[in-house]
Amino acid sequence: MAGDAVFRQEFPIKGGDFAKAGAVACRIKDLLKELGIDTRVVRRAAIASYEAEMNVIMYAWEGRVKLAVSPGTIRITVDDKGPGIPDIDLAMTEGYSTATPEMRELGFGAGMGLPNIKKNSDTFRIDSDVGQGTRLEIIIHTDGHQP
Amino acid sequence: MITLKDVMTWVNGELLTPEAPLELECPKVFASDLMSDVLTSAEPGSFLLTGLANSHVISTCSVADVAAVVFVQGKRPDAAVVEQARGKGLPLVATKLPMFEACSRISALFGEKTHGR
Chain R
-14 MAGDAVFRQE FPIKGGDFAK AGAVACRIKD LLKELGIDTR VVRRAAIASY EAEMNVIMYA
46 WEGRVKLAVS PGTIRITVDD KGPGIPDIDL AMTEGYSTAT PEMRELGFGA GMGLPNIKKN
106 SDTFRIDSDV GQGTRLEIII HTDGHQP
Chain B
1069 MITLKDVMTW VNGELLTPEA PLELECPKVF ASDLMSDVLT SAEPGSFLLT GLANSHVIST
1129 CSVADVAAVV FVQGKRPDAA VVEQARGKGL PLVATKLPMF EACSRISALF GEKTHGR
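Residue numbers (the working numbering), protein chains in the order written: chain R, -14 to 132; chain B, 1069 to 1185.
Pulled out of the complex, with its shape left as it was, chain B reads as follows:
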């Protein structure tokens, strides 16, 4: 099982919502800056990687049952957006890695865990 803590470690991420459960399972990942695509294609329970850091990301994740968000490329939501996420119990992580690098590292994490090293 891959957890929120694993994802944070592999992307050198900073947790923006301190009370988030680090053992939260990450079954799938969806990466997009387009919330329309999250609404059409992200599977429930997925983690979202995105370079968009506004309140619409939080609303979209809440509606689409996205389990956690990783903001890439040094993007950080403002305090009001973080509060909105905390109110909905949505964990937020920020990483300085660009989108491709963050995706690559998480892909490697999935590879390592699924091949049972």
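Chain R with its partners taken away, still in its complex shape:
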């Protein structure tokens, strides 16, 4: 439960802010390391956060990442205001992408982001309202549980 969290922090993300891409994920990684969480678990949380952060930067207007750590559980929620995703099943398909050539030149937009977030999560939920935004919930157990 989020109410049991012993550590919480929020991070804003601006859509289109490629210069700061990765800043939130790196901060989350540092915080989780400081909390003494296993490095393999920290890596999964950092990768999931980074993919989610890039999605907000590439596709949305703005977003907010909430990190809540409680004994045994890392919960990361990412809410964005943006165009939303009309077909979530299609968006979850590996290789499906609506990225622009510019995004691909940066090394992203291969259609692996959402599937990779799911792969690095123990529980993954996604909801989207077209024209309004998308919400992701990522839960990772800290007991070394592997996907």
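Misleading hints may appear alongside valid ones.
Said to hold, decoys possible - Only pairs whose alpha carbons sit at most 16 Å apart, straight line, appear in this in silico EDC-like list of lysine to aspartate or glutamate: (1) B:Lys1143 x B:Asp1101; (2) B:Lys1156 x R:Asp15; (3) B:Lys1073 x B:Glu1093; (4) B:Lys1073 x B:Glu1087; (5) R:Lys66 x R:Asp112; (6) R:Lys66 x R:Asp15; (7) R:Lys(-1) x R:Glu47; (8) R:Lys104 x B:Asp1101; (9) R:Lys5 x B:Glu1180; (10) R:Lys104 x R:Glu90; (11) B:Lys1181 x B:Asp1105; (12) R:Lys(-1) x R:Asp64; (13) B:Lys1143 x R:Glu90; (14) R:Lys18 x B:Asp1105; (15) B:Lys1096 x B:Asp1133; (16) B:Lys1181 x B:Asp1074; (17) B:Lys1156 x B:Asp1133; (18) R:Lys104 x B:Glu1087.
Said to hold, decoys possible - In silico negatives: residues of chain B with every beta carbon more than 12 Å from chain R: (19) Ile1070; (20) Asp1101; (21) Leu1107; (22) Asp1133; (23) Ala1176.
The hints are simulated quantities; they were obtained by calculation from the structure and are not laboratory data. Built from N, CA and C at the ideal position, the CB exists for glycine as well.
Mind docking chain B on chain R? Use the hints.
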């Protein structure tokens, strides 16, 4: 054990981060220009060979626990990107070799070390 110094020698590489530990172990290598693939498939501790030289490479390596980066094909990150890597303790090497040649040479290095010559 294969080290950062071995890799640099075999690809005629130039170290862009002077304080990097030359004895850093290179247990595995991953080669890609696609950071999405690094995030899905590179194993922690790997060295990355890439022709992409922007700040997203540094962030990706930091997130994915990549241990060092070798920029191929004469690609060089700008000073701000080098500083970002130094701040994260990520060693950077640049080589003029094309990707395939760099991979081939490192593959030969692994072959030589593992067969104990």
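Here's how the hints hold up against the structure:
1. For a cut-off of 16 Å, the pair hint linking Lys1143 of chain B to Asp1101 of chain B stands: about 12 Å separates their Cα positions.
2. For a cut-off of 16 Å, the pair hint linking Lys1156 of chain B to Asp15 of chain R stands: about 11 Å separates their Cα positions.
3. A hinted pair counts as satisfied when its Cα atoms are at most 16 Å apart, and Lys1073 of chain B with Glu1093 of chain B qualifies at roughly 9 Å.
4. Between Lys1073 of chain B and Glu1087 of chain B the alpha-carbon distance is near 13 Å, which keeps this suggested pair within the 16 Å criterion.
5. For the proposed pair Lys66 of chain R and Asp112 of chain R, the alpha carbon gap of about 12 Å is at most 16 Å, so the pair holds.
6. A C-alpha spacing of about 26 Å is found between Lys66 of chain R and Asp15 of chain R, which places the hinted pair above 16 Å, so the restraint is violated.
7. Between the alpha carbons of Lys(-1) of chain R and Glu47 of chain R the distance comes to roughly 5 Å, so the proposed pair stays at or under 16 Å and holds.
8. With a C-alpha separation of about 21 Å, the suggested pair Lys104 of chain R and Asp1101 of chain B falls outside the 16 Å cut-off, and the hint is violated.
9. In summary, the hint linking Lys5 of chain R to Glu1180 of chain B is not supported, as the alpha carbons are separated by about 42 Å, beyond the 16 Å threshold.
10. As the CA atoms of Lys104 of chain R and Glu90 of chain R are separated by approximately 24 Å, the hinted pair breaks the 16 Å bound.
11. Proposed proximity of Lys1181 of chain B and Asp1105 of chain B is contradicted: the alpha carbons are some 27 Å apart, above 16 Å.
12. This hinted pair checks out: Lys(-1) of chain R and Asp64 of chain R have alpha carbons roughly 12 Å apart, not beyond 16 Å.
13. Restraint check for Lys1143 of chain B and Glu90 of chain R: satisfied, since their Cα atoms lie roughly 14 Å apart, inside the 16 Å limit.
14. Only pairs whose Cα atoms come within 16 Å are accepted, and Lys18 of chain R paired with Asp1105 of chain B is rejected, the gap being roughly 24 Å.
15. Straight-line distance between C-alpha atoms of Lys1096 of chain B and Asp1133 of chain B comes to about 12 Å, which keeps the hinted pair within the 16 Å bound.
16. Only pairs whose Cα atoms come within 16 Å are accepted, and Lys1181 of chain B paired with Asp1074 of chain B is accepted, the gap being roughly 10 Å.
17. About 11 Å separates the Cα atoms of Lys1156 of chain B and Asp1133 of chain B, which keeps this hinted pair within 16 Å; it holds.
18. Restraint check for Lys104 of chain R and Glu1087 of chain B: not satisfied, since their Cα atoms lie roughly 36 Å apart, outside the 16 Å limit.
19. Under the 12 Å C-beta cut-off, the non-interface status given to Ile1070 of chain B relative to chain R holds; the minimum distance is some 22 Å.
20. The beta carbon of Asp1101 of chain B is not kept farther than 12 Å from every beta carbon of chain R, the shortest such distance being approximately 6 Å.
21. Look at Leu1107 of chain B: its CB is around 5 Å from the nearest CB on chain R, not clear of 12 Å, so calling it non-interface is violated.
22. Listed as a non-interface residue, Asp1133 of chain B fails to keep its Cβ farther than 12 Å from every Cβ of chain R; the least gap is roughly 5 Å.
23. With a closest Cβ-Cβ approach of about 27 Å to chain R, Ala1176 of chain B is found to remain outside the 12 Å limit, as its non-interface label requires.
Of the numbered hints stated above, those contradicted by the structure are hints 6, 8, 9, 10, 11, 14, 18, 20, 21 and 22, listed in ascending order.
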